[in-house]
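Mind the numbering: the sequence shown is residues 1 to 297 in our numbering, read in order.
Hints may be right or wrong, so weigh each one.
Derived lysine to any residue pairs resembling SDA-like cross-links, with alpha carbons at most 25 Å apart [said to hold, decoys possible]:
1. 239 <-> 227
2. 102 <-> 73
3. 248 <-> 117
4. 102 <-> 193
5. 239 <-> 146
6. 102 <-> 159
7. 102 <-> 146
8. 102 <-> 248
9. 102 <-> 269
10. 239 <-> 257
It should be emphasised that the hints constitute simulated quantities derived from the structure, not laboratory data.
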Amino acid sequence: MRRFAFEDQGPANEIREAFHFEPRRLPLSRAKRSRRLRRRLIGAALGSIIFGGALALWRPPNDAPSPESRAGPLAPLPVWTTVANAQPLFGLASPEFALDLKTYEVQLHRTGRGRQDIMVFGDVGGSGPFLRLIVYRVGTEGAPAAAFFVDLARRAAETGRAITFAAQPTALPTRLGMFEAADLNMTRAGAPDATCLGFRSLEAETSPAPLAPTTPADLRISGFACAATKGDAGPALTKEALACLIDKIDLLPSVADTDLAAFFAARDLRDATACREAISNNALLNNESRRLRPAAP
Numbered sequence: 001m002r003r004f005a006f007e008d009q010g011p012a013n014e015i016r017e018a019f020h021f022e023p024r025r026l027p028l029s030r031a032k033r034s035r036r037l038r039r040r041l042i043g044a045a046l047g048s049i050i051f052g053g054a055l056a057l058w059r060p061p062n063d064a065p066s067p068e069s070r071a072g073p074l075a076p077l078p079v080w081t082t083v084a085n086a087q088p089l090f091g092l093a094s095p096e097f098a099l100d101l102k103t104y105e106v107q108l109h110r111t112g113r114g115r116q117d118i119m120v121f122g123d124v125g126g127s128g129p130f131l132r133l134i135v136y137r138v139g140t141e142g143a144p145a146a147a148f149f150v151d152l153a154r155r156a157a158e159t160g161r162a163i164t165f166a167a168q169p170t171a172l173p174t175r176l177g178m179f180e181a182a183d184l185n186m187t188r189a190g191a192p193d194a195t196c197l198g199f200r201s202l203e204a205e206t207s208p209a210p211l212a213p214t215t216p217a218d219l220r221i222s223g224f225a226c227a228a229t230k231g232d233a234g235p236a237l238t239k240e241a242l243a244c245l246i247d248k249i250d251l252l253p254s255v256a257d258t259d260l261a262a263f264f265a266a267r268d269l270r271d272a273t274a275c276r277e278a279i280s281n282n283a284l285l286n287n288e289s290r291r292l293r294p295a296a297p
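I would like the entire structure built from these sequences, with the hints used as guidance.
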């Protein structure tokens, strides 16, 4: 036990020794303890931040970036995917094109499962006449109707072509319902302009009432019919001839789809078509020509 130099040897000292009395420090106040604890916490936090930053900047020697970081962001998936060896649904019972089918492609919408059957007839890659026909059955993806020119411009771009001129579309009644068609000029790199007819089916809600019937809202038919670009190509395709081609689009016998079968069966009940009217007019003109022709001597 320490003894202070100023302590005396009197009775007070004897009392302290008897009770083992020793001076002690008073406890810190609450404010001082709070400040000390705060300083310790701040120091610990700063140490953690410095250590974490150093760890993030540290890289072991020869640490090459991962293949994922070199590749960059992933490209978005295509909206339409081509189905290999898909069963065709449609055909064209036309003697002009029946033996001239170049490609038949089936595409499915990635999310909505809508289906496009794309048929190409003729000299689509050269200077001869060709026909591109798209039958689109809309799925759950939804496909709001676009303006005529916008729709066909998008279809032309799919073939690497651009529309340089488009006339006002007119109604074209067919056995498959009401269509609209317009004269077009289309061009592609390294080739002269082609004279074409662009066409598409009208949906029930967009067709004028007097022009019914129309195709179902979930079935859309569109395409191009182009004349040859050669000098001796002959006259361009008429709208009446186009109507006759559309009339010959048919469902293949092997297809087991009751909705499509009912739609194509109903076409036989439609007589007021541009094709039939043109044939009737030609027959009348031929009969009148024979009647007025002078008799042989």
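Hints and how they fare:
no. : hint        : result
1   : 239 <-> 227 : 12 Å, holds
2   : 102 <-> 73  : 38 Å, violated
3   : 248 <-> 117 : 16 Å, holds
4   : 102 <-> 193 : 21 Å, holds
5   : 239 <-> 146 : 22 Å, holds
6   : 102 <-> 159 : 14 Å, holds
7   : 102 <-> 146 : 28 Å, violated
8   : 102 <-> 248 : 18 Å, holds
9   : 102 <-> 269 : 31 Å, violated
10  : 239 <-> 257 : 30 Å, violated
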